[in-house]
Amino acid sequence: GENVEQHPSTLSVQEGDSAVIKCTYSDSASNYFPWYKQELGKRPQLIIDIRSNVGEKKDQRIAVTLNKTAKHFSLHITETQPEDSAVYFCAASKTGGGADGLTFGKGTHLIIQP
Amino acid sequence: EPEVTQTPSHQVTQMGQEVILRCVPISNHLYFYWYRQILGQKVEFLVSFYNNEISEKSEIFDDQFSVERPDGSNFTLKIRSTKLEDSAMYFCASRFQGPQHFGDGTRLSIL
Chain A
1 GENVEQHPST LSVQEGDSAV IKCTYSDSAS NYFPWYKQEL GKRPQLIIDI RSNVGEKKDQ
61 RIAVTLNKTA KHFSLHITET QPEDSAVYFC AASKTGGGAD GLTFGKGTHL IIQP
Chain B
1 EPEVTQTPSH QVTQMGQEVI LRCVPISNHL YFYWYRQILG QKVEFLVSFY NNEISEKSEI
61 FDDQFSVERP DGSNFTLKIR STKLEDSAMY FCASRFQGPQ HFGDGTRLSI L
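In order, the protein sequences belong to chains A and B.
Letter by letter, the first sequence follows residues 1 to 114 of my numbering.
Letter by letter, the second sequence follows residues 1 to 111 of my numbering.
Because the hints were derived from the structure by calculation, they are not lab data.
A couple of the hints might just be wrong.
Unchecked claim - The calculated label-pair distances, taken between Cβ atoms and stated as ranges, are:
#: 1; chain 1: B; residue 1: 39; chain 2: A; residue 2: 72; range: 23 to 33 Å
#: 2; chain 1: A; residue 1: 97; chain 2: B; residue 2: 9; range: 45 to 55 Å
#: 3; chain 1: B; residue 1: 50; chain 2: A; residue 2: 79; range: 37 to 47 Å
#: 4; chain 1: B; residue 1: 83; chain 2: A; residue 2: 56; range: 42 to 52 Å
#: 5; chain 1: A; residue 1: 54; chain 2: B; residue 2: 10; range: 38 to 48 Å
#: 6; chain 1: B; residue 1: 81; chain 2: A; residue 2: 69; range: 40 to 50 Å
#: 7; chain 1: B; residue 1: 72; chain 2: A; residue 2: 41; range: 28 to 38 Å
#: 8; chain 1: A; residue 1: 69; chain 2: B; residue 2: 18; range: 40 to 50 Å
#: 9; chain 1: B; residue 1: 71; chain 2: A; residue 2: 82; range: 27 to 37 Å
#: 10; chain 1: B; residue 1: 71; chain 2: A; residue 2: 113; range: 44 to 54 Å
#: 11; chain 1: A; residue 1: 79; chain 2: B; residue 2: 15; range: 28 to 38 Å
#: 12; chain 1: A; residue 1: 40; chain 2: B; residue 2: 12; range: 32 to 42 Å
The structure displayed is predicted, hence computed values, not measured ones.
From the three backbone atoms N, C-alpha and C, an ideal C-beta is built for every residue, glycine too.
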């Protein structure tokens, strides 16, 4: 089955700096890659997703890049703010459609230092 | 914005007892999922459900687990004989055509 590795496990950056979180996946059949943000004790919330027919996607301060050949994808957050502090999970699934379950990475605890 | 709702928020159960976790997916959604998250670990897929039957299940979803959509709104996860290692946060999720939307979770504590 699919295996998703995520690095780093903890990332501390100064407010205003950029943060990059990286994930690799094992199953070349995976085509859908969402990123979820989870604040302490709360539900995972989708912040951005990308499909394998696209190499990059941006939404304001957040961007995701995908390298299908190398089987890795990354989350980029620019101009970080205190409210960006949370645990971020990458995930993968075959289609992102139908009833496919998501395989998650282990998460990155992002800490924004004031 | 509509949300997935889960009840109860916290469930404490004696080992060996049966427990039912309840979810109300977003009303027009067709696909339903259960995930679990052991404290400090990653979210793990358990099962997906569509058209009144299980579509996909993981190795974690063994014979002690079952899911049901007893009516047009609820989606339940039953654990028949709970073990200590079932202690975790259980998330329900649903989707229509877009991404999966998660509920707030039920924290299950097995004593």
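Status of each hint after checking the structure:
1. B:39 x A:72: 23 to 33 Å: Holds, since residue 39 of chain B and residue 72 of chain A (Cβ atoms, about 28 Å apart) stay within the stated range.
2. A:97 x B:9: 45 to 55 Å: violated (30 Å)
3. B:50 x A:79: 37 to 47 Å: Given about 40 Å between the Cβ atoms, the range holds.
4. B:83 x A:56: 42 to 52 Å: holds (44 Å)
5. A:54 x B:10: 38 to 48 Å: holds (40 Å)
6. B:81 x A:69: 40 to 50 Å: Since the Cβ atoms of residue 81 of chain B and residue 69 of chain A sit about 47 Å apart, the hinted range of 40 to 50 Å holds.
7. B:72 x A:41: 28 to 38 Å: holds (30 Å)
8. A:69 x B:18: 40 to 50 Å: At 48 Å between Cβs, range holds.
9. B:71 x A:82: 27 to 37 Å: violated (43 Å)
10. B:71 x A:113: 44 to 54 Å: holds (49 Å)
11. A:79 x B:15: 28 to 38 Å: Violated: the Cβ-Cβ distance is about 49 Å, outside 28 to 38 Å.
12. A:40 x B:12: 32 to 42 Å: violated (21 Å)
Consistency with the previously given hints fails for numbers 2, 9, 11 and 12, ordered from lowest to highest.
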